[in-house]
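Here the protein sequences line up with chains A and B, keeping their order. First residue of the first sequence: 1, per the working numbering; consecutive thereafter. First residue of the second sequence: 180, per the working numbering; consecutive thereafter.
It is possible that part of the hints are untrue.
As the list claims (entries may be wrong) - Pairs of lysine to any residue, SDA-like flavour, derived with a Cα cap of 20 Å:
| id | chain 1 | residue 1 | chain 2 | residue 2 |
| --- | --- | --- | --- | --- |
| 1 | B | K258 | B | L227 |
| 2 | B | K238 | A | L57 |
| 3 | B | K361 | A | H8 |
Treat the hints as calculated values from the structure; they're not laboratory data.
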Amino acid sequence: MKPRDLEHLRRWLDAERRDGQSEAESALRSLFAALPVAQPSAGFGDRVLANAARLGLLPAAPSRWAWFGRWFSASLLAAASLFLVVLGAQLRGPILRWLGEITWTDLSVALIASMGHLIAAAAAIWQGLLHSSESLSLNLQTPGTALTLIVALAMSTLAFRALRELLSPDRSSAYVQLH
Amino acid sequence: MSTYQKLDDAALVRRALEGSQQGYAELVRRYEGPVYSLILRMVRDAALAEDLAQEAFLKAFSALDRFDAKRKLSSWLFKIAHNTTLDHLRRRRPSTVPIGGNDEGEAGLEAVLVDSSVESPLAAAERGDLGRDLDLALARIRVDYRELLVLRYQEGLSYNEIAEITRLPLGTVKTHLHRGRKEMATVLAEMGYGQGSTETHRGRDA
Numbered sequence: 001m002k003p004r005d006l007e008h009l010r011r012w013l014d015a016e017r018r019d020g021q022s023e024a025e026s027a028l029r030s031l032f033a034a035l036p037v038a039q040p041s042a043g044f045g046d047r048v049l050a051n052a053a054r055l056g057l058l059p060a061a062p063s064r065w066a067w068f069g070r071w072f073s074a075s076l077l078a079a080a081s082l083f084l085v086v087l088g089a090q091l092r093g094p095i096l097r098w099l100g101e102i103t104w105t106d107l108s109v110a111l112i113a114s115m116g117h118l119i120a121a122a123a124a125i126w127q128g129l130l131h132s133s134e135s136l137s138l139n140l141q142t143p144g145t146a147l148t149l150i151v152a153l154a155m156s157t158l159a160f161r162a163l164r165e166l167l168s169p170d171r172s173s174a175y176v177q178l179h
Numbered sequence: 180m181s182t183y184q185k186l187d188d189a190a191l192v193r194r195a196l197e198g199s200q201q202g203y204a205e206l207v208r209r210y211e212g213p214v215y216s217l218i219l220r221m222v223r224d225a226a227l228a229e230d231l232a233q234e235a236f237l238k239a240f241s242a243l244d245r246f247d248a249k250r251k252l253s254s255w256l257f258k259i260a261h262n263t264t265l266d267h268l269r270r271r272r273p274s275t276v277p278i279g280g281n282d283e284g285e286a287g288l289e290a291v292l293v294d295s296s297v298e299s300p301l302a303a304a305e306r307g308d309l310g311r312d313l314d315l316a317l318a319r320i321r322v323d324y325r326e327l328l329v330l331r332y333q334e335g336l337s338y339n340e341i342a343e344i345t346r347l348p349l350g351t352v353k354t355h356l357h358r359g360r361k362e363m364a365t366v367l368a369e370m371g372y373g374q375g376s377t378e379t380h381r382g383r384d385a
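Chain A with its partners taken away, still in its complex shape (with noise of 0.2 Å):
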């Protein structure tokens, strides 16, 4: 505190006396600059901003590796491309060859051989369901095992249900515990 100051608060109270308005405003404007400045302790902000993050008001803070993840992941997409394109530049030769030994008529043959194949296999599938669904309905009509099924189906489906439930908070990898 200097003796300006003392003479702003003079200044301030014979205004004041006097009752004149705009003089003790600006001798009290003055003496209020030389109030102590009143600061927090050291690391208030710190602590503002760690408890804004705790209760997720703040953006999440980039992560210091997240440059490293990006040049990564360009860095194995240009790898990929590159090593198709020299693959394919490899293969060319032997693949344009194989097109030009192959006729129309073995193409064809082996079309309709491999065709054949496919409606084999999806005959024996069928015929399997078929099987495995008239036993299912034969044994439906016992009521023991279609109560039996009933209740280890409901089981299921509620023990599916609590298990989501129990999983679904750590599902994502950004989840973070805050307390």
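Following the hints, position chain B against chain A.
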């Protein structure tokens, strides 16, 4: 000086809303002093003032997306600080000492100040304690006057801004500021500064 320190308030808020943590940090760094100072003058307790200032900043962060960039950030923050402190004070009895005593039989400031064993205030001022005495005088006046005085004379806000922050009519703000100044002048006069105000003499003559 960092890039963020050069930004104006509106740009700073924009950066913070875009997800910059540095924006939030600069916002706190820029206003922690004024917000804390206002609250401290109202509650007169450093630890409590820090808690309330922190609460005010957290409220501001959570409502930052609703901040109108046409308004002054400082006024908006002061308003949040004012409301936070007022909520606290409403839950607690304000700790002011009435100048003339009160109905509950407390002697008041006049009795407190009449103590010849205390060093002369003018001598104290010569030792550089005027700042502390001003702070003390400010602490002795009504909390609502005190807040208005700080907003007006320390933070340099206009009457309109103060009215908006405190939600008081403009006329009431002016009246309270006038009374607050008179009350503080009286307290200082009682402490021995100046020649003594007219109100003080009237008080003693009565």
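Hint check results:
1. B:K258 to B:L227: 18 Å, holds
2. B:K238 to A:L57: Holds - the C-alpha atoms of L57 of chain A and K238 of chain B are around 9 Å apart, at most 20 Å.
3. B:K361 to A:H8: Measuring from Cα to Cα gives roughly 16 Å; hence the hint holds.
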